[in-house]
Each structure stands twice: as structure tokens, then as C-alpha cells.
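These are the residues of each chain, in order.
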Amino acid sequence: DTGVSQNPRHKITKRGQNVTFRCDPISEHNRLYWYRQTLGQGPEFLTYFQNEAQLEKSRLLSDRFSAERPKGSFSTLEIQRTEQGDSAMYLCASSFDKNTGELFFGEGSRLTVL
Amino acid sequence: GEDVEQSLFLSVREGDSSVINCTYTDSSSTYLYWYKQEPGAGLQLLTYIFSNMDMKQDQRLTVLLNKKDKHLSLRIADTQTGDSAIYFCAHLRSGGYNKLIFGAGTRLAVHP
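Going down the list, the sequences are from chains A and B. Under my numbering, the first sequence is numbered contiguously, ending at residue 114. Under my numbering, the second sequence is numbered contiguously, ending at residue 112.
Bear in mind the hints are in silico, worked out from the structure with no lab data behind them. All residues carry an ideal CB built from backbone N, CA and C; glycine is no exception. Misleading hints may appear alongside valid ones.
Unchecked claim - In the SDA-like style, the derived pairs of lysine to any residue whose C-alpha atoms are separated by at most 25 Å in a straight line are: (1) A/Lys14 <-> A/Asn51; (2) A/Lys57 <-> B/Tyr31; (3) B/Lys36 <-> A/Glu107; (4) B/Lys56 <-> B/Pro112.
What the hints assert, rightly or not - Computed footprint of chain A on chain B, listed as stretches where at least three residues anywhere in the stretch have a Cβ under 8 Å from a Cβ of chain A: (5) 37-49; (6) 99-106.
Claimed, not checked - Computed footprint of chain B on chain A; a stretch qualifies when at least three of its residues, placed anywhere within it, have a C-beta under 8 Å from a C-beta of chain B: (7) 63-75; (8) 105-113.
Okay, chain A solo, but in the shape it has when bound (with noise of 0.2 Å):
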């Protein structure tokens, strides 16, 4: 399978615990997303790299979220003492450098705090 591969799909935590997801992008795209989607509601940006820069990074973003693409493959996205609220599913998308915007998902990591 050469899709976007996340891992591990699903984790369930305690407050106050670290938690980290990883995703492997399409091995040829150069541009790598985070988003966070909540029941009921549409991915939300929460930041992109190009390569192994990071370009952006959301309001959404607290200081306990930290990500990391440091080869330029690969990403990490660590968020430290989780809270109730951080509970969601973490989709990670990349592309190619063209201009149609098309992003591959894949499937996601769903973060459960209890």
C-alpha cells in the first residue's frame, strides 16, 4: 500500500499522560499536513511542513502540541499532558508541489483522554 500510512489508529490515554502519532506520507510528496477533526465537525489545519521545514502553524496549536518532520519524510505529532478536550482524530495529509491543492488523508489516529 503507497497511501498515507498513520500510526498507531487508535489511543486511548489518561489525563495528564504524552501521547505521540506518526505518519509516513507518499513517498514522493514533498508536503505534509495536520489536521484535527472533532465529532460532527470538518478537519481543522493544524500545521503543514514543506520538506522538513515547518511552514505554519495554527491558533490551534497550544505549547502542548509539538510536530516534527525532521528528514523530511516522515512526521511526528506529539501532544504532552493530554486534557479531556484533545480527544479527537488526528489526520495527516500530504502532497505533491502542484497547484490543484489535492490532499491524500490517511485514515487517521483517534486520540481518546479519559
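Let chain A serve as the given structure and place chain B on it in line with the hints.
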């Protein structure tokens, strides 16, 4: 997304046409998209339209764009039970790095 609005729910009979509507506020949007999300799955791009077009047809899908009214619609002909899903409208934010802004989604229920 606060600047993309969709109706939340649509119910149609199998074989009928479905029309899902979307309005947006950013008049400088260059591309507009329809994504489909089935339960437990990621988002799948269905189709997109460039802002200088007013219609695009792709098999059972027809996209209509009224740029003056900032209104986008997706028509699904001969709707099937497999079309039951959530449909998201999105636009490419001008000046952004292919950053898509999504609506809240329209849940399409297809009944026999």
C-alpha cells in the same frame, strides 16, 4: 470551518439524485473540493473544480460553482447505498500552502 457552511444532513431514496450544497466566504479561492468520508476511514477526494469554471462532470458526479454567490454544489446521479457517507466541501485558502479549509460536512443517508 467558520467560512465554509454546509447543511448537516440529507436523506434520499436509492436511485434518486442527491444535491449537497456549500457556501464559502473567501472570494479569492482558487480551487474548491468535495471529499467523501466513510465511517472509520480517512477523507477521499471525489472531485475538484477550478474557480474559473462553472461546471464539472465526472461520471455520476456534477459540480456546479456560482462564484458570484460563492455557492458550490455536488450532484450525485442515481444515488446508491454505497454513497452513504459524510461529504465535505473545502476550498484552497488564497496565499496558503495548499491549506484546505473544510466545512462541517453533510451526512448523506440513502434508503431503499
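### Query
Can you give the numbers of the hints that this structure goes against, from lowest to highest?
1, 4 and 7
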